[in-house]
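> Respectively, the protein sequence lines represent chains X and U. Residue numbers for the first sequence, in the numbering used here: 940 to 1388. Residue numbers for the second sequence, in the numbering used here: 940 to 1388.
Heads up, some of the hints might be wrong.
Pairs involving identical chains hold if they fit within one copy or between any two copies, as the list cannot separate such chains.
[As the list claims (entries may be wrong)] Straight-line alpha carbon distances no greater than 20 Å define the calculated EDC-like cross-link-like pairs of lysine to aspartate or glutamate that follow:
#: 1; residue 1: 1376; residue 2: 1193
#: 2; residue 1: 1349; residue 2: 1046
#: 3; residue 1: 1121; residue 2: 1259
#: 4; residue 1: 1121; residue 2: 1111
#: 5; residue 1: 1121; residue 2: 1372
#: 6; residue 1: 1349; residue 2: 1111
#: 7; residue 1: 1349; residue 2: 1115
#: 8; residue 1: 1376; residue 2: 1333
#: 9; residue 1: 1108; residue 2: 1096
#: 10; residue 1: 1326; residue 2: 1200
#: 11; residue 1: 1121; residue 2: 1090
Hints in this document: simulated from the structure, not taken from any laboratory. Quantities reported herein were computed from a predicted structural model and do not represent experimental measurements.
Protein chains: 2
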Amino acid sequence: MASTAANHLCASLPSKTKTSADFFLRVQTPNAVSLRSSFASPSSLELTRGGNSTRVRSRSRSSIYASSAQVMDQSASKTGSKAAPTIVEVDLGNRSYPIYIGSGLLDQPELLQRHVHGKRVLVVTNTTIAPLYLDKVVVALTRGNPNVSVESVILPDGEQYKNMETLMKVFDKAIESRLDRKCTFVALGGGVIGDMCGFAAAAFLRGVNFIQIPTTVMAQVDSSVGGKTGINHPLGKNLIGAFYQPQCVLVDTDTLNTLPDRELASGLAEVIKYGLIRDAEFFEWQEKNINALLTRDPSAMAYAIKRSCENKAEVVSLDEKESGLRATLNLGHTFGHAIETSFGYGQWLHGEAVAAGMVMAVDMSYRLGWIDDSIVKRVHNILEQAKLPTAPPEVMTVEMFQSVMAVDKKVADGLLRLILLKGPLGNCVFTGDYDRKALDETLLAFSKS
Amino acid sequence: MASTAANHLCASLPSKTKTSADFFLRVQTPNAVSLRSSFASPSSLELTRGGNSTRVRSRSRSSIYASSAQVMDQSASKTGSKAAPTIVEVDLGNRSYPIYIGSGLLDQPELLQRHVHGKRVLVVTNTTIAPLYLDKVVVALTRGNPNVSVESVILPDGEQYKNMETLMKVFDKAIESRLDRKCTFVALGGGVIGDMCGFAAAAFLRGVNFIQIPTTVMAQVDSSVGGKTGINHPLGKNLIGAFYQPQCVLVDTDTLNTLPDRELASGLAEVIKYGLIRDAEFFEWQEKNINALLTRDPSAMAYAIKRSCENKAEVVSLDEKESGLRATLNLGHTFGHAIETSFGYGQWLHGEAVAAGMVMAVDMSYRLGWIDDSIVKRVHNILEQAKLPTAPPEVMTVEMFQSVMAVDKKVADGLLRLILLKGPLGNCVFTGDYDRKALDETLLAFSKS
């Protein structure tokens, strides 16, 4: 499978220069729409709308180094057990909220308690996480706060349980416990728990408050931020859900100490994604620090989480409901969702499917002449170093991809829009305006006909 | 059962005068919060917040008569088959939408088509309504508009099917039909269809557009307006759902020609409710015109629908998410939901349960000394004339009421807040500040211990 994928890696790319030049020309036109950002300077992110595509260029070098320096300072200032968390703000008007990132944050009850509404809390977690962290979270919610009572519901662990049947267990528990509109739901776990708890909070009594405590890299760098919640349908991932923002996200990096290696790598796929779509310097940093991340160096990990959250928060602030820009966060996900749905939910971890999906998106971008082969190679290299897949499972057929991709949320009026790389590292497009042949060739190169 | 309820009707009311005077004093204080309204003049609706209760007084006489005259004019201007609809605007900023009311509106495709987004439509309806109106609606959606394709899903009819299992059939159909984010859901039916289709639209792909075409009085005067959507849980009504506004509501009064008498009466319970909680003149009009409504006089029916929609739209515009004022629309519903849940969904129609619930709320208001006995009698009289129940089913016990009321959405931090009448006709309070004894007495008077 990998050898099929590699077939074209040394092919020449005749049309590259022209396309690339065209790209730079377009993003620098005076017509570019400059959007509000709470992190970067106004000039550092620009979105050009043209026809059916959204083009994005990465942030300026100066703003990148500023972020980096800020993290170093905060790490250096830690004194003992009560280190101040790094805070990344998600700017959404009256639905804005902070992401707290740091070590030992679950030992700082005031962080969590300031975001609890009412006197009743329902912690939603799973069979893997409950024995590790549920007691700790209950203490964090109730220490010095005797008026608060905490219920919990422990769901089975795995993507295959992210469905309506499992969701109903959350409603059952909430209703049996007689929780009312002033209660708070707390998601304690990875992306599956966060997505299900968030959707349950959105729908219970037509909406109650909730808090995210993500315990996997995947959830800490991606799924807990931005308010996408939902469940899977047998025919496709995340097809039922809501945009619903939490009161806060609390990332205690100590929870990663218990994370299996395979889960760690899965989360890194999303970290790598941010570099590819909008943050070339971050990608370069990852290339240099991939071993530090794999060996869980706390400082490297904290930096990767913060930088990822900043990228995500910035995109979400600009386009909460995914009318354009936000879709770029789904690089590799259309192919990846097809893998997860066809291969069976829970067979591969989400990040593993996304890694293979990113390789396919990069392959297609290259076939279209939109990127040069050095990017293709660098993507392969970093994913291989992270021990992530660079091709889909062997059972996948072209038809499997096509049937799942037809119900993807990014289809509009029958046209499948994809996130593809275009131009130098750190630039991508979200577009339905591409040569169908390139998609067919990519599917054929990576799966059985 | 009715005789138990009547036991106290002739009792004296010692504390009435004092409470009533206190009420008038409070609503006329300069501290009253005046809220924005798109219908009434700024002075015609005032909301005073004090302690745990929300007090509302009815609109001024002048604004009421203005509304009435407007309808007469519009009815008089009808010329042939293409009468302009009466339009009531629901003012919710960028989520504002019109309610079109009139005869023959389904024969005016342009009304519907201007609110259809994208090229794909899913009509959600039921086995009773589909044979009557589905073809007509498909024609209205597609006549002169060949790019639009319409799918439909036909659900079983009845409150007992307003559950997650039935809701999943909507998702199944939408996904199998490969509908995308640019599609439009159309709810064609009564309140159950509107609530389920609305929630499905809110959750499908995290939100798609939808349109309400209510075909019962209940849906036309109440449930299709205001964006409350959801499904029942075995333990309680409407416990899972979303606030999600439609693109428009289209009320073709001709659809009432096929409505069974029992359904008609059920809808009138909500019409009567508006009079009791905020529109005394409308209640007086109903007392005079109840026979015209029961015999489906088109002009009386159109006026009742318009006036009800105006009341609802005004309340929803002021308090979309039910932080206070909107809860007053639930007069009788807390008792009514207990009847529906305990007695079995679908045994009684919603309006029948609400009618019995209103009698209980009125009884409790009287026991508290908040209203005088003439109101109690007038409520009994109008409900009896409408052939609606004035007491719960005989099987109901105090414990049944208590266990369902404990999970009501209006419970906050363990305290059950109720909508009760207070003062002259057309005034109510939403409050948790009442003597428990009165509630216990009402439950005992209307159900078995």
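> It remains to establish, for every hint, whether it holds in the given structure.
How the hints compare with the structure:
no., hint, result
1, 1376 <-> 1193, "neither (47 Å within a copy, 53 Å between copies)"
2, 1349 <-> 1046, "neither (41 Å within a copy, 35 Å between copies)"
3, 1121 <-> 1259, "between (25 Å within a copy, 17 Å between copies)"
4, 1121 <-> 1111, "within (17 Å within a copy, 33 Å between copies)"
5, 1121 <-> 1372, "between (47 Å within a copy, 18 Å between copies)"
6, 1349 <-> 1111, "between (33 Å within a copy, 18 Å between copies)"
7, 1349 <-> 1115, "between (38 Å within a copy, 16 Å between copies)"
8, 1376 <-> 1333, "neither (22 Å within a copy, 71 Å between copies)"
9, 1108 <-> 1096, "within (14 Å within a copy, 26 Å between copies)"
10, 1326 <-> 1200, "within (10 Å within a copy, 69 Å between copies)"
11, 1121 <-> 1090, "within (14 Å within a copy, 39 Å between copies)"
Violated hints, listed in ascending order, are 1, 2, 8; each of the other numbered hints is respected by the structure.
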